[in-house]
Each structure stands twice: as C-alpha cells, then as structure tokens.
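Line order of the protein sequences matches chains V and P. Heads up: the first sequence is residues 444 to 572, going by my numbering. Heads up: the second sequence is residues 12 to 226, going by my numbering.
A few of these clues could be false.
To be verified - Examples of chain V residues toward chain P, derived with CB under 7 Å:
#1 Phe456
#2 Thr468
#3 Leu470
#4 Val550
#5 Lys551
#6 Pro552
#7 Ala555
#8 Thr557
FYI, nobody ran anything at the bench for these hints, they're computed from the structure. Backbone N, C-alpha and C define an ideal beta-carbon position, used for all residues, glycine too.
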Amino acid sequence: MASSIRFLVVDDFSTMRRIIKNFLTDLGYTNVAEADDGKTALPVLKSGVVDFLITDWNMPGMPGLELLKEVRGDPAMKKLPVLLVTAEAKREQIVEAAQAGVNGYVVKPFTAQTLKEKIDKILASQAAG
Amino acid sequence: MARLNHAYAVADESTFEQLVNDLYIEREHSLRTGLAKLSQALADALAKFQLDSRIAALAAKDIPDARLRLDHVLKMTEDATHRTLDLIEQTAPIAESTANDARILASTLDDRSHNDIRRFLGDVQGSTERMRANLTEVMLAQGFQDLTGQILNGIRTLIVEVESVLDELAKISGVEIRPPRIEAGTLHGPTVPGVSTNTVVNQDDVDDLIAGLGI
C-alpha cells in the first residue's frame with residue numbers, strides 16, 4: 444500500500460528535488476513525480492494523479508504558499524496532504540502556512556529522521572481521518 | 012511695472028506687449044541661470060563623491076563580473092552536488108546487496124560450526140548497513156546547495172539593482188570608463204567563464220605552457 448502512494452515533489456532546485464525523491468525511494472515510495480515551481484505543479488495536481496504533495500516555499504513563478512492556497516481552494520484537492528519543506532523559518536511564516544492549511548512543515552536543512560516522521564505522521568492522520 | 016500700468020491705462024497696446032515680452036525674457040534668463048547653477052552644483056557633487064571613472068568601471072565591468080562569478084558558483088555547487096548524488100546512488104545498492112548477501116549466507120551456515128565466518132558475516136552486515144545509513148546522511152547534507160543557492164540568488168538580485176543604479180549614475184556623470192588598475196602580484200583565484208581572461212583551460216594547457224617554456 445505504502446509504495447502505491449503517488450508523491451509530487453516541487454522545488455526550484457534540482458538538487459533538492461533529487462534528494463527528496465531519493466529519500467522517498469529509500470522509504471519505499473517509488474512513485475514520485477517532480478515539478479520546479481507551483482505553476483508547473485498545478486496542472487499535474489489538477490489532473491488528479493497526486494496523493495501527497497511535498498513543496499518548497501520560495502520559488503520563482505508560483506511560490507509554495509500560493510500553490511497551497513490553490514490546492515485548498517480546489518474542492519477536488521481540499522484534503523490533499525501537503526508538506527512544506529522550506530528554508531523559511533520565521534514564526535509568522537509558519538503560522539501563515541498553518542492558517543493556509545498545510546499538514547506539515549519541515550525547515551531546511553532537515554534530517555532523514557525529521558522528514559520520515561513528518562511524512563509518517565501525515566499519512567497516519569490521513570488513514571485515521 | 013509703472014510703465015506697464017501706464018501703457019495699460021492709456022491702452023497703448025504695442026508698448027504693453029513689448030513690456031510683457033521683456034518681462035518674459037528676463038524671467039527665462041533667470042530660470043536658465045538657476046538651472047546652470049543647479050547642474051554645476053550637481054556636477055560638483057558628483058565629482059566630490061568621486062563619481063568618476065571608478066564608478067563607471069564598477070557599473071560597466073566589476074558589478075557584471077560579480078554577477079557572473081555568482082552564477083558560476085551556483086553552477087559549480089549544483090554540478091558537484093549532482094555528482095555526489097550520482098555516486099551515492101551508485102554506492103548505496105552495493106552496500107545494500109552486500110548486507111543482504113551476508114545475511115543470507117549466515118543463515119545457511121550450521122549454528123554449531125563456522126563460528127568465525129558467522130561472526131564475520133554478522134560484522135559485514137552491520138557495517139554495510141551503517142554505510143547505507145551514512146550515505147543517506149551524505150545525501151541529505153547535499154541540501155546545502157539549495158540553501159547556499161537561495162542566499163546567492165538573493166545577493167545576485169541585489170547586485171543587479173546596484174548595477175542599474177550605478178549605470179544611471181555613470182551616464183549622468185558622463186565620464187569615460189577606465190578599467191581599474193591591477194596591482195602587480197594580485198591573485199585572481201579560480202577561473203570564472205566570461206570573466207577571467209588569459210587563463211588556461213585545463214591541466215593539458217598548463218603542461219603545454221610549461222613545456223613551451225622549456226621546463
């Protein structure tokens with residue numbers, strides 16, 4: 444079941460996309476798509492082939508928070524799990540992201556343990572809810 | 012003014028027009044004098060702040076060079092990170108399969124015999140699993156490229172803004188661009204494409220140059 448979850452990793456840095464994708468593969472999630480900003484991610488999300496969104500915040504084009512708001516504003520994606528993985532570490536930004544409906548927030552640089560914990564926690568609450 | 016009033020009172024149209032015209036010329040003259048004074052003051056101020064050839068050189072060469080240098084740093088860190096990730100991706104499965112092979116082999120051995128071999132296989136399994144875990148940490152540490160890249164991008168934006176301001180100032184001051192004087196013995200550091208001039212491309216170039224010098 445775990446490996447069938449379809450992830451979308453959105454980050455403008457190709458190195459970070461590759462790191463997160465490799466890490467997900469290590470965890471057994473082999474179905475991972477990539478996008479380099481919100482604009483390119485949105486059509487993929489709207490096509491309904493994504494079960495879990497992991498996105499950066501600071502990106503040219505469409506930043507992660509705007510993407511999150513688009514996702515939450517779309518009835519079909521209202522409950523899509525969204526994990527923000529970002530260098531933005533100000534308290535008010537974390538609050539803003541939480542108010543916009545994010546499911547988890549990881550500050551870069553992160554450890555394997557942290558990323559795994561957040562993903563597991565979100566999946567567990569999805570399964571329960 | 013009295014003459015103007017008089018001309019108006021006696022309805023002397025031509026004198027009135029002449030006087031109004033004189034007034035206009037006088038006013039225009041003082042305006043021009045004021046503008047000349049102002050532009051002189053501006054030129055003096057520019058000179059005072061040394062907005063001379065050095066500023067022009069900054070705008071025309073140094074700042075665009077700094078931008079190129081940053082772009083090159085970003086590219087180098089990105090390439091190095093991808094290279095590291097390539098090697099991690101190649102090495103991790105080796106560690107994984109070695110750990111697996113050791114486990115399978117150990118399980119086929121008789122419990123009462125081959126104690127040394129079983130201990131060795133246990134060690135191999137443990138150490139290759141630690142290698143695998145360390146490779147994951149090395150992979151995550153490569154996230155530095157994203158973080159440093161974001162900081163460099165911020166500085167790059169600032170440099171572009173400074174460049175346009177300096178460019179405007181250089182245009183206003185209208186001075187000729189004089190390249191900065193390079194002191195003898197100045198070191199230039201790593202080659203930056205589009206910035207460095209008269210540099211060798213690789214070790215072969217160095218060897219050729221050295222050989223050409225009879226060394």
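| message | When the structure is checked against the list of hints, which entries are broken? Sort them ascending. | response | Per hint list: 2, 3, 4 and 8 violated.
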